[in-house]
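S.K.: Protein sequence lines, in the order shown, are assigned to chains U and G. Going by my numbering, the residue at position 46 of the first sequence is 46; the numbering climbs one at a time, nothing skipped. Going by my numbering, the residue at position 256 of the second sequence is 256; the numbering climbs one at a time, nothing skipped.
Derived from the structure by calculation, the hints contain no laboratory data. Each hint should be verified, as a subset may be incorrect.
For identical chains, the list gives no copy identity; a pair is met inside one copy or between any two copies.
Claimed, not checked - Capping the alpha-carbon separation at 25 Å, the derived lysine to any residue pairs in SDA-like fashion look like this:
(1) Lys104 <-> Ala151
(2) Lys55 <-> Pro13
(3) Lys55 <-> Pro80
(4) Lys55 <-> Trp129
(5) Lys55 <-> Glu69
(6) Lys55 <-> Asp233
(7) Lys104 <-> Ala304
Protein chains: 2
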Amino acid sequence: MSASVGLDRVLEPAGVLPQAAWRLDARPEIAADEVRIAVERLNLDAASYRQLATKHEGDGDAIRAEVLEIVATRGKMHNPVTGSGGMLIGVVEEVGSESPLPLKPGDRVATLVSLTLTPLRITDGLASWDGKSEQVPARGTAILFGRSVAAVLPADLAPELALAVYDVCGAPALTDRVVRDYEGEEVTVAVLGGAGKSGSLSLTAARLAGARTAAVVVNDDEAGRVRDAGLADAVAVADARDPVEVSRQVTEALGGPATITVVCVDVPGCEHGAILSTAPGGTVIFFSMATSFPAAALGAEGLAADVTMLIGNGYLPGHAEFAVDLLRRVPAVRRLFEARVAGH
Amino acid sequence: MSASVGLDRVLEPAGVLPQAAWRLDARPEIAADEVRIAVERLNLDAASYRQLATKHEGDGDAIRAEVLEIVATRGKMHNPVTGSGGMLIGVVEEVGSESPLPLKPGDRVATLVSLTLTPLRITDGLASWDGKSEQVPARGTAILFGRSVAAVLPADLAPELALAVYDVCGAPALTDRVVRDYEGEEVTVAVLGGAGKSGSLSLTAARLAGARTAAVVVNDDEAGRVRDAGLADAVAVADARDPVEVSRQVTEALGGPATITVVCVDVPGCEHGAILSTAPGGTVIFFSMATSFPAAALGAEGLAADVTMLIGNGYLPGHAEFAVDLLRRVPAVRRLFEARVAGH
Chain U
1 MSASVGLDRV LEPAGVLPQA AWRLDARPEI AADEVRIAVE RLNLDAASYR QLATKHEGDG
61 DAIRAEVLEI VATRGKMHNP VTGSGGMLIG VVEEVGSESP LPLKPGDRVA TLVSLTLTPL
121 RITDGLASWD GKSEQVPARG TAILFGRSVA AVLPADLAPE LALAVYDVCG APALTDRVVR
181 DYEGEEVTVA VLGGAGKSGS LSLTAARLAG ARTAAVVVND DEAGRVRDAG LADAVAVADA
241 RDPVEVSRQV TEALGGPATI TVVCVDVPGC EHGAILSTAP GGTVIFFSMA TSFPAAALGA
301 EGLAADVTML IGNGYLPGHA EFAVDLLRRV PAVRRLFEAR VAGH
Chain G
1 MSASVGLDRV LEPAGVLPQA AWRLDARPEI AADEVRIAVE RLNLDAASYR QLATKHEGDG
61 DAIRAEVLEI VATRGKMHNP VTGSGGMLIG VVEEVGSESP LPLKPGDRVA TLVSLTLTPL
121 RITDGLASWD GKSEQVPARG TAILFGRSVA AVLPADLAPE LALAVYDVCG APALTDRVVR
181 DYEGEEVTVA VLGGAGKSGS LSLTAARLAG ARTAAVVVND DEAGRVRDAG LADAVAVADA
241 RDPVEVSRQV TEALGGPATI TVVCVDVPGC EHGAILSTAP GGTVIFFSMA TSFPAAALGA
301 EGLAADVTML IGNGYLPGHA EFAVDLLRRV PAVRRLFEAR VAGH
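When you get a sec, could you build the whole thing from the sequences and use the hints?
M.R.: Shown next as C-alpha cells:
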C-alpha cells in the first residue's frame, strides 16, 4: 500500500501521507506504479485563491510570486493558510509498468485528487498567468500515485470547463446520495452559496433527485443569475455568516427548515446558520474548506440541534461523470459554468 | 428565537451566536427565558486542558492563571487555541418566568451545552484548584438560555462521575445510531483512542448495538486496561497519527477494514489513519475537537476513499440518559470512569 498512496514522495515529516506532509519530492522520474503528467493548467481552489488575492490586495505579480514560492517550498500547491489546493489538467507523459490507472501516454486528463497531495514542479515561472484568476496556465510536471484518480477529458466540453466541473464534482454526487437516502420523504434542500460552482451543481443534483430547492445567495446580482437560470425553486438573499438571518430566509423560502442544507460558501463562519436552517433529523453537508470542525460540532451541541453533519468528501465513485452529465442535462448550468470560465 | 439561543448575551462581534462570539456578557442578572446556575465545578475539555498543560509545562499556577484570564476576557471558558470548552455542574439559583427548561431552584444539574457558549463568571479565583487536573472546583455563576440543555444529576452516580460521562455523552449515542443504520449487515467498529472516556463509551455502545469491536490505543498500559475491562473484542497498539500503521493494525484486528471508525484521540493528525482504516461504504465519526476539516475532506479525496465522514454532534435526544445507562449496564466501564475521576 505504501507506494500506492505516495508515501515514498513524502520528504517531511516522515511517515505521514502526502496531503498531511509539509514537503513532497516532486522529481519527474516515476516509480513503477506512478504516472507523470505534463501540466497545462492549474485550477486553484476558490478559498485558496481568495486568501491569496485578499492578502496581496489583488496584485497579480505578488499572487503569482507567492504561488511559485509555495510550490517551490512544498513540492505541491498546498496553501498553508487555507489548507486547500485545487486541481490540474495536462497530458500523460509516462505510465509506470505497474500503474493501476487506466491511462496511456498522450491522454489529456484532469486530476481528481487535490493539488494538496500532488507532487508538482513548475518550470515556466507561471509566465503566462497574470495572477488575476484562479485558472493558472502552467508548464511543469505532476505525479499521480497508484491510488490517485484522474479522468480523461470529455470530447464535448472545453478543457477549462471540464476542470471547473471536476473541481467540485464531489458536491453534486454527495448531495444526490443524501437526498436519495431520505427515500419516501418529501425532501427540501437549501444551498448556501447557490450561485457558485459547487452550489449550482448541488442545486441541480438535488432537484433531479426529487427535492424542492432553495438557493441562498449573497446579493441581488447573484439572485438574478440563479433566477434567470431557473436553478432553484426559491431564491433568497442573506449573508451566510448571519445565522439568524439565514435561518429566517431558508424557513421562509421552503415553508420550514430544510431537510438538507448544503454549505458551498467559501468564507469562514457559516456553520451555525446552516445548523439553524436544518430541521431536526436533517443533514448538513459542509463542502466549504473554510468550515471549522469545532464550530460545527460545538454549534450543533449548543443549539441542541439533532442534525447529521457531513464532511463533504471530494470523492465518490463516478462523481466526475455524474457532474459532467448534469451539464449535459441542464443547459442553464452549462451556460453558468461557461460564463464563469470566460470570466464574466 | 433570538433570546432563546443567547444572542442578547453576545458582546462582540455583534450578530453571531454565543459559541462563535469572542466575548459574552456574563452578568448574573437573568432575562425572562434564562436560568442562573451557582457553579460548583468545571470539567475542561480534554483537548483544551492538554493544550494548557503542555503550554505551561504542567505548572498548575500558570494553568490556573490562564483559565482565569480566558474567562475574565471572554465571559466564557472558550480556549482560543483549541476552540473547545467543557461543561460544568452547579445548583439552579433562579429560573426566569419564561424558561422552557424543566428546572427549579435547588436542582443540582450538569450543563450539556459547551462552556464555549455558556456565559460564565468566576468569583473565587479558582482558589480550590491546583491546576493539575481537568476537573476544576469553582465558585461563580453561569447562564442557560431557552434552548440550552441541562440534566439533573442522577442519584446513583457521584456528581464528578456524571459530569465526566455527560462531557462525552454525544459519542456513544451517535455511535449507537450509526451502527444501527447498517441494519442487517455484519458491522465492525474500530475506535481510535479506545481507552479514553468517549472511546470506552463508544466501544461499549457499539458492542451493545451488535457490532464486533476493536480498540486502538497508544501504548501497552492502555491496552492492558482495555483488555482487563473486556471493553473490546480486539485491542491493538498504534500511534493514531501514523495512518499506515493504524490501518494495518485495524485490518489485522478485525480481519479487514472497519465498517465504522470512531476517532476519539484528542491530538491533531488522526484523520488519514481513520479514513485508511475504513472499508468502502463505511463511516468515519470524528469526535476529537482536534480534527481538521480540510485534512479529512482532502484526505478522503486524495485516497479515493468512498467513506461517509461525520462531524461528531455533541447532542442527540436522550444522549445523557443513554450514556449513564451504559455505566449501569456495564460495571467495567463504570469502574474505568471511577478510576479516571479519582485520578488513577
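S.K.: Taking the numbered hints from earlier one at a time, note which ones the structure violates and give those numbers from smallest to largest.
M.R.: Those not satisfied come down to hint 6.
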